[in-house]
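> Let the hints inform the model, and build the full structure from the sequences given.
According to this note's numbering, the sequence shown is numbered sequentially starting from 49.
Mixed in with the good hints, there may be bad ones.
Unchecked claim - Restricting the straight-line Cα-Cα distance to at most 35 Å, the calculated cross-link-like pairs of lysine-lysine (DSBU-like) are:
| id | residue 1 | residue 2 |
| --- | --- | --- |
| 1 | LYS179 | LYS230 |
| 2 | LYS226 | LYS279 |
| 3 | LYS226 | LYS75 |
| 4 | LYS277 | LYS319 |
| 5 | LYS179 | LYS154 |
| 6 | LYS75 | LYS179 |
Stated by the list, open to error - Label-pair restraints from in silico Cβ distances:
| id | residue 1 | residue 2 | range |
| --- | --- | --- | --- |
| 7 | ASP122 | LEU80 | 47 to 53 Å |
| 8 | ASP211 | VAL254 | 27 to 33 Å |
| 9 | ASP182 | ASP212 | 19 to 25 Å |
| 10 | ASN59 | THR300 | 30 to 36 Å |
| 11 | PRO233 | GLY128 | 30 to 36 Å |
| 12 | ASP122 | ALA68 | 55 to 61 Å |
| 13 | PRO284 | ILE129 | 25 to 31 Å |
I should point out that these hints are in silico values taken from the structure, not numbers from a laboratory. Model, not experiment: these values are computed from the prediction. Ideal Cβ positions, reconstructed from N, Cα and C, are used throughout, including at glycine.
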Amino acid sequence: MPSASKVPQFNPASLPAVSAAFAAQFKRVAGLVPSGVLVPPAAPGPGPTKPGVERWPVKTGTDSDAGEVGTNRDVGTEPGIVDTTVEELAALARPADMLPVGKNHKKYQTLRARPVELVVWRVVADIIVLKKEDDGDFHIVLQGASGETCIAEAPTAHPPFVDDTSPWFDAMQAVRRKIAEKFGPSFVGVPFVQFGKYLMPQASIVPGTPTGTAHLDGADIFDTALPFKAKVPATPVEVIGVGFFDRVHGQTGVAMNNGIELHPILSVTWK
Numbered sequence: 049m050p051s052a053s054k055v056p057q058f059n060p061a062s063l064p065a066v067s068a069a070f071a072a073q074f075k076r077v078a079g080l081v082p083s084g085v086l087v088p089p090a091a092p093g094p095g096p097t098k099p100g101v102e103r104w105p106v107k108t109g110t111d112s113d114a115g116e117v118g119t120n121r122d123v124g125t126e127p128g129i130v131d132t133t134v135e136e137l138a139a140l141a142r143p144a145d146m147l148p149v150g151k152n153h154k155k156y157q158t159l160r161a162r163p164v165e166l167v168v169w170r171v172v173a174d175i176i177v178l179k180k181e182d183d184g185d186f187h188i189v190l191q192g193a194s195g196e197t198c199i200a201e202a203p204t205a206h207p208p209f210v211d212d213t214s215p216w217f218d219a220m221q222a223v224r225r226k227i228a229e230k231f232g233p234s235f236v237g238v239p240f241v242q243f244g245k246y247l248m249p250q251a252s253i254v255p256g257t258p259t260g261t262a263h264l265d266g267a268d269i270f271d272t273a274l275p276f277k278a279k280v281p282a283t284p285v286e287v288i289g290v291g292f293f294d295r296v297h298g299q300t301g302v303a304m305n306n307g308i309e310l311h312p313i314l315s316v317t318w319k
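Here it is, written out as structure tokens:
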């Protein structure tokens with residue numbers, strides 16, 4: 049029997065949908081401003097014009113400690129790849145002097161955090177999101193069996209982003225090529241819209257929102273001057289990469305507790 053004090057029930061999910069015009073007005077008031085008409089490039093654009101800044105030498109293997117990566121000297125005498133999972137990576141302890149996780153610690157600009165950033169890790173997981181960042185990196189979200197996520201990044205392997213002074217230059221080039229070959233065909237004929245600074249699949253925007261559309265083929269989406277991001281079908285992959293503690297600043301798929309990434313990716317094998 050219902051309690052006498054129970055309030056009258058109303059489920060807001062039973063409300064009707066507002067008109068498209070009112071929805072657009074509300075979104076404008078809430079600060080959602082469409083990007084306007086997208087003018088797609090007549091040919092693939094040059095891509096971003098400059099590399100990243102924060103810890104860039106560590107991210108690309110041009111730091112003085114890169115030669116120690118994979119030796120595992122801090123732990124023992126057995127060099128090689130360490131198998132792990134997304135969940136284990138996300139639970140690794142971040143060094144105390146790299147806390148808080150949202151701060152950039154200048155001490156580590158060219159210094160690796162031992163032992164995690166001297167380890168070559170291997171993970172089998174699903175790729176669920178793919179982005180191209182302002183600094184040219186392919187940003188990949190890896191999801192483990194529990195649903196936990198972390199990031200893996202593939203830098204642009206040509207100057208000015210990375211050059212052959214990195215011992216991993218050839219490996220990074222091969223990774224970029226394999227990612228483009230794998231996911232490029234899935235974007236053929238898919239309309240993208242400019243939303244904020246990103247190109248995003250048209251399906252990410254409510255129909256009727258006034259944004260321009262670009263039909264990009266598989267090559268264009270990887271070479272366009274604009275960064276992009278897109279959900280991809282869960283794609284099983286084996287990723288081998290170097291451990292890296294990034295600053296946590298709201299990245300898609302970031303491991304919130306420690307900011308761990310595989311950066312750079314040195315190998316991808318489709319499962």
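> Give a verdict on every hint.
Results of checking the hints against the structure:
1. LYS179 with LYS230: Holds. LYS179 to LYS230 sits at ~14 Å (cutoff 35 Å).
2. LYS226 with LYS279: holds, 18 Å
3. LYS226 with LYS75: violated, 39 Å
4. LYS277 with LYS319: This hinted pair holds, its Cα atoms lying about 23 Å apart.
5. LYS179 with LYS154: This hinted pair holds, its Cα atoms lying about 27 Å apart.
6. LYS75 with LYS179: holds, 25 Å
7. ASP122 with LEU80: 47 to 53 Å: Because 48 Å falls inside the window, the suggested range holds.
8. ASP211 with VAL254: 27 to 33 Å: Violated - the Cβ-Cβ distance for ASP211 and VAL254, about 44 Å, lies outside 27 to 33 Å.
9. ASP182 with ASP212: 19 to 25 Å: For ASP182 and ASP212 the Cβ distance comes to about 23 Å; the hint holds.
10. ASN59 with THR300: 30 to 36 Å: At roughly 32 Å between Cβ atoms, THR300 and ASN59 fall inside 30 to 36 Å, so the hint holds.
11. PRO233 with GLY128: 30 to 36 Å: Check passed, 35 Å falls within 30 to 36 Å.
12. ASP122 with ALA68: 55 to 61 Å: Given range 55 to 61 Å: holds, Cβ gap about 59 Å.
13. PRO284 with ILE129: 25 to 31 Å: About 18 Å separates the Cβ atoms of PRO284 and ILE129, which means 25 to 31 Å is violated.
In this structure, the hints that do not hold are numbers 3, 8 and 13, in rising order.
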